[in-house]
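All chains, please: the whole structure from these sequences, using the hints.
Under the working numbering, the letters of the sequence shown match residues 7 to 76, in that order.
Heads up, some of the hints might be wrong.
Ranges between beta-carbon positions, derived for each pair [said to hold, decoys possible]: (1) L39 to C75: 14 to 22 Å; (2) A34 to G74: 20 to 28 Å; (3) T13 to A40: 38 to 46 Å; (4) A40 to S10: 46 to 54 Å; (5) V27 to C75: 34 to 42 Å; (6) K76 to L39: 20 to 28 Å; (7) A34 to A11: 38 to 46 Å.
Straight-line C-alpha distance at most 25 Å; calculated SDA-like pairs for lysine to any residue [unchecked claim]: (8) K56 to G67; (9) K54 to R72; (10) K56 to L73.
Please keep in mind that the hints were generated in silico from the structure rather than gathered at the bench.
A quick note: this is a predicted structure, and the numbers were derived from the prediction, not measured.
Glycine is no exception: its CB is placed at the ideal position from the N, C-alpha and C atoms.
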Amino acid sequence: MDYSAPTITSQNIYLAEDQVVWYTVAIAILLLLAVTIVAACVLYCLTKGKSFTGSWSYVNGSGSVRLGCK
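Following this line, the structure appears as structure tokens:
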């Protein structure tokens, strides 16, 4: 009698992990871009001798972000 136990292939595991990694990397890059933009706005306001203001609103599935100097 020739019996071989079923094996788990690593290909299926790596496929799921790769998708999670790519989404994580994409989110990290977008957050880094947002932080960079906000930091540039803050520095711009400080060099002009003004204070930085910002607001975020989210209504019925759409949102807006306002950044400015006062």
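How the hints compare with the structure:
1. Checked against the hint of 14 to 22 Å, the C-beta distance between L39 and C75 comes to roughly 21 Å, which is consistent with it.
2. In this structure, A34 and G74 meet the distance hint of 20 to 28 Å, their C-beta atoms being roughly 27 Å apart.
3. Distance hint check for T13 and A40: the Cβ-Cβ separation is about 44 Å, which falls inside the suggested range of 38 to 46 Å.
4. For the hinted restraint 46 to 54 Å between A40 and S10, the CB-CB distance of approximately 52 Å keeps it satisfied.
5. A beta carbon spacing of about 39 Å between V27 and C75 agrees with the range 34 to 42 Å that was offered as a hint.
6. Between K76 and L39 the beta carbons are some 25 Å apart, a value that agrees with the proposed interval 20 to 28 Å.
7. Taking 38 to 46 Å as the suggested C-beta distance range, the pair A34 and A11 conforms, at roughly 40 Å.
8. Distance restraint check for K56 and G67: the Cα-Cα separation of roughly 33 Å exceeds the 25 Å cut-off, and the hinted pair is therefore not satisfied.
9. Between K54 and R72 the CA atoms are separated by roughly 18 Å; this keeps the pair inside 25 Å, and the hint holds.
10. A threshold of 25 Å between alpha carbons decides the hint, and for K56 with L73 the separation of about 13 Å falls inside it, so the pair holds.
Of the hints listed earlier, the one the structure fails to meet is number 8.
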